[in-house]
Amino acid sequence: MGHGVGTRSSGQRPSIGDAVTERKTIAVAMSGGVDSSTVAAMLAHDPSGGGTDASGADRSVVGLTLQLWDQTRLAGKHGIPDAPKAGRCCSLDDVYDARRVAEQLGIPYYVVNQEERFEQDVVRPFVDEYLAGRTPIPCSLCNNHLKFDQLHKTARSIGASHIATGHYAVNEYDAERGRWILKRPVDKAKDQTYFLFGLTQEQLARTLFPLGYMTKPEVREVARQHGLALAEKPDSQEICFIPGGDYKQFLTAYLEEQGEQAPETAGELVASSGEVLGRHEAISNFTVGQRKGLGVSSASPLYVLAIDPASHRVTVGADAELATRTLRARRLNWIAIPELIAPMRVKIKIRHRHEPAWATLEPGGAGEVVATFDEPQRAVTPGQSAVFYDGDEVVGGGWIV
Amino acid sequence: MPRVYMDANATTPLLPEVMEAMRPYWMEHFGNASSIHLDGQRAHAAVAQARETMAEFFHCHPAEVVFNSGGTEGDNTAIFGMLRPGDHFITTSIEHSAILQAAKRVAQLGVETTLVAPRPSGLIDPGEIVRAIRPETRLISMMLANNETGVLEPVQEIGKIAADAGIFFDIDAVQGAGKVEFDVRRFGCHLCSISAHKMHGPKGVGAMFVRRGTPIEPLLVGGSHERRRRAGTENVPGIVGLARAAELAMHSLEDGTIRRVAALRDRLEEGILALPGTGVNGAWEGDKPVPRVANTTNIWFDQLEGEALVIAMDLKGVSVSGGSACHSGATEPSHVLLAMGLNKSRARASLRFSLLKTATEADVDRVLEVVPEAVGRLRELSPVAAGTLG
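Sequences listed follow chains A and B, in order.
According to my numbering, the stretch in the first sequence is residues 1 to 401, in order.
According to my numbering, the stretch in the second sequence is residues 1 to 390, in order.
Warning: the hint list may mix true and false statements.
Pairs of lysine to aspartate or glutamate residues, derived as DMTMM-like cross-links and limited to a Cα-Cα distance of at most 25 Å, are as follows [stated by the list, open to error]:
| hint | chain 1 | residue 1 | chain 2 | residue 2 |
| --- | --- | --- | --- | --- |
| 1 | A | K347 | A | E362 |
| 2 | B | K344 | A | E256 |
| 3 | B | K104 | A | D70 |
| 4 | A | K153 | B | E332 |
| 5 | A | K24 | B | E369 |
| 6 | A | K153 | B | E373 |
No lab work stands behind these hints, which were simulated from the structure alone.
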């Protein structure tokens, strides 16, 4: 077994948690899916799964599920489907599945209510961003605020020194640089580092990603070996609090529930030449790169190029016009380096399914960076995150402005 | 380290005597109490004897005892069995969800409910009940003891008010039964529900006092069991267990057990209150102590999440509860504490300690070891604490 949980390629650092607890307790974030369930099984039962350190035998594992969103809350309103059965976090069946796995493994398991914090730190910003004409990415916010910040707090407050999650990523301490390094996993198709760029050194030091060196088929095989009934459960894909995936329905239903009016953001639909092509009802109906539902006809396909939240103007144009060579990002977090002080060659990923592209990254002043791509990139979308890679290492990331 | 269980208001273990009393009725005397043959007669005799014991417990006639599946069924039966469209119903905002949800259900049929809120002490003001009465008020329902705070409600006074107004009165006595002197005549109620598993009896069985002549429709129909007041083959071992548990409970009230539990609870409370930023929910009204059952205390802790404290204590081998479990099993702030006027964060930071009558000094010692340590760590880490304890 070459790489297990807790393996540190370049050395070990004493963990702060050891002073707090007499026994090393690991809290596993369990969603009821196959990945986190397998992590729990590996840590609870497989001595080589986590036990590269001597404390392996004296380790206890606790399962935690964050209850983030009541899936029944907006169900049935404005065409939102009824509460989903499974495949989304916090659905009843998924919590049930997680609980059953914990029971089967014989580890304590708790559901922790974080609905208020989730709404405040993820849902509300998501809604506000959309209303402001940007295209937010709630999963990164959730990872930063809930899955790591809050989970670490909860874990420490119940006496656990570390958390483990089912993310596909590698997290290793590099003694030479004196930093925790986040790296792309072996299974590149499952790479989740894009959503993890916000992790601080402190959070990385206390986090285990046991699946980083495994492929999804291997994970399913381990789940089968542990007799987990959910080994064949399909992966979830959608934004967890938007059943059906229609964010416009969600915005309408959410604002109505809050007794709020969507701000008036109707405006002009213009060509890149400035020519007015028509009008639109709300900027929140658009995303950079969007083709469908523009409400204008044209000989060649039109795409949203830009959304101006101030003038409510939505600019559309040809596919080729979507390409840009530069991006600016702010609210940065650095992982492989303490900070960016000189230009650096990196590959940048600008959305989840984007193939990272070569660029030169430069400090942009005022907590910003400016990236210049070697080749123009399609649909650089404000509100999404830009994550910078050096080979497999995550250098850092930020939010596109 | 053996675990310490301080969640008796959730459920209790069987006492060995209860287990022994039930034992023959699973395999040996398995008969159906409705059958004509001797096997049936033996089961019938056991149920009849249990009914007599329960009559003694309630202070009523044996014919006024109806066996059922427990507290939720009793609460539901009172509401669904008595209220019809156009009726008005009075209850309180600190009732168990078996009452509150049933009230919501009959609202759809055209039964209006008035929810009377408690004073900050958790006590219901009888004057508020009087003010809520209307000509069409048919039923008042109230708990004897609150499950979260242990506060004993003035049921006797409400009983008089109901009698004067010619209104039926139902008591949810699930948490009070076995913990205080019990007499349905003195309470002045028409209906009264109890549950076996809250007093060291088996789960899934309970009993309801139905005063003779009270017009109540059965919730379950079918056979002619329980004088047509509750259909379904009698849960003979369960009923036998309930009666044995009730006997032991009556005995505990007389032999000093309850006083001993109260002393343990008081020592626990004092020990926890020695921590800064703590207090009891529902213990005082001005400078007057509020009557409470002996085994319960509900304590708030400043600057921490109650949910995390429950988990931390569990991992240290101490079972307590905080708030109520929502659909997923996560904790929501207790509706009882919110009704008493606590804000959400204080309600969230409140824990219920409810002692078994078998609790020991060593149990209290252990809890007093675990609580300060867990509270200390939580406050260190709590975002709520930032800036205040800093």
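Practice task
For the pair supplied as a hint, A/K24 and B/E369, confirm whether the alpha-carbon distance does not exceed 25 Å.
Solution key: 21 Å, holds
Handout entry: Satisfaction of hint between A/D70 and B/K104, Cα-Cα up to 25 Å
Key = Measuring from Cα to Cα gives roughly 21 Å; hence the hint holds.
Problem - Distance restraint between A/K347 and A/E362, which requires alpha-carbon spacing of 25 Å or less - result: Holds. A/K347 to A/E362 sits at ~13 Å (cutoff 25 Å).
Problem - Holds or violated: A/K153 to B/E332, with C-alpha atoms at most 25 Å apart - result: 19 Å, holds
Problem - Restraint check for B/K344 with A/E256, where alpha carbons must lie at most 25 Å apart - result: Answer holds: B/K344 to A/E256 is near 24 Å, not above 25 Å.
Practice task
For the pair supplied as a hint, A/K153 and B/E373, confirm whether the alpha-carbon distance does not exceed 25 Å.
Solution key: Judged against 25 Å, a Cα distance of about 16 Å means the pair holds.
Against the hints set out earlier in the document, no violation occurs for any number.
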